[in-house]
Amino acid sequence: MSASAIPTIDLSQWRTGDRRSRDRLATAVDRALERAGFLLVTGHGVDPGLPAAIRATARAFFHQPADVKLPFLAQSGRYGWSGPGAVATGRAEGLITPPDLVETWSTAPGPYDATADRPGPEAGLLLPAAWPSRHPALRPLLARYVRSMQALADELLELLAAALRRPLDFFTRHTNRPDWTLTLNWYPAITTAGTPRPGQFRVGPHTDFGTVTVLDRQPGKGGLQIHTEDEGWQDAPYDPEALTVNIGDLMARWTGDRWRSGRHRVLAPPADAPSEELMSLVYFYDCDPHTVVESLPAPIGRVSHPPVTARAYVRSKVAEIALK
1 MSASAIPTID LSQWRTGDRR SRDRLATAVD RALERAGFLL VTGHGVDPGL
51 PAAIRATARA FFHQPADVKL PFLAQSGRYG WSGPGAVATG RAEGLITPPD
101 LVETWSTAPG PYDATADRPG PEAGLLLPAA WPSRHPALRP LLARYVRSMQ
151 ALADELLELL AAALRRPLDF FTRHTNRPDW TLTLNWYPAI TTAGTPRPGQ
201 FRVGPHTDFG TVTVLDRQPG KGGLQIHTED EGWQDAPYDP EALTVNIGDL
251 MARWTGDRWR SGRHRVLAPP ADAPSEELMS LVYFYDCDPH TVVESLPAPI
301 GRVSHPPVTA RAYVRSKVAE IALK
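Going by the UniProt record's numbering, the first residue of the sequence shown is number 1, and it counts up by one from there.
Simulated from the structure, these hints should not be mistaken for laboratory data.
Glycine residues also receive a C-beta, built at the ideal position from the N, C-alpha and C atoms.
Treat the hints with care, as some may be off.
Calculated pairs, DSS-like style, for lysine-lysine (alpha carbon to alpha carbon, straight line, at most 30 Å) [said to hold, decoys possible]: (1) Lys324 <-> Lys221; (2) Lys317 <-> Lys69; (3) Lys324 <-> Lys69; (4) Lys317 <-> Lys221; (5) Lys221 <-> Lys69.
Distance ranges between label pairs, derived from CB positions [as the list claims (entries may be wrong)]: (6) Leu125 <-> Ala322: 20 to 28 Å; (7) Arg20 <-> Pro289: 35 to 43 Å; (8) Thr309 <-> Gly94: 21 to 29 Å; (9) Arg22 <-> Gly194: 46 to 54 Å.
Throw the hints in and build the complete structure from the sequences for me.
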């Protein structure tokens, strides 16, 4: 996929650059989100050792027998462990596929402290209520990670506001107590999951549902692909120093479809790499639950969507893909 469609944005230039360099960066972001809805982001400041520690700890959990993981089963498709056959993500765009070849662990913020000016998710405030006792490091590792992710997501939202020539707090004024979900996607090897069925994916074709998604991914033959009108399906560019960022449906609606909700999929495990297993750390950022998202008018916006309430919209989309 061409670098012009998915550029690399160095956030350190956003933090320290002069007005001209910040304006150039904002313009590059605007153009990229119009084309594909995706960016690669370097200079993000996330501790490089943290994703590796999370993967090592989470992999030990996922590799256990299903009966050991069953006590942590997510109820009603919410938070905790989801096993094979739980979702068919392509259903979000009306595509009927076999269930995705993925297991997940999902966490979200617990009740916020109403007395705090800017509450952050501490280890004790993460859902689900029950965590694996054999791998107690997972919970504090994820608490550290989501603190980094929320700070990064808010910084990205400020950059996006600048790209639209809006005040920097245009989006972040709606992220005081935001909804978010961190999902660990474990893509087992063929030797574990079996041969894929026809039309089966690790994650089916879809767009995300919220404002921005921040992805820490591993490259592989059965990896991420991005769809654009110009190039069709192409392997996503990969940089070990970069995080992959895409916008979701709420952001696309907010901009009146000026920006494209990034369409993507994760291919099935390949027959010529039967032992390939991958894990992605996916941070889905929304906004405050009762935020009413209304399309920006022309000349910024191009389509006027009916207003939607953030949490209700995202939950309705999640319900479309759930199989259990």
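Against the earlier hints, flag every one the structure doesn't satisfy and list their numbers going up. Nothing - there is no hint that the structure violates, so all of them hold.
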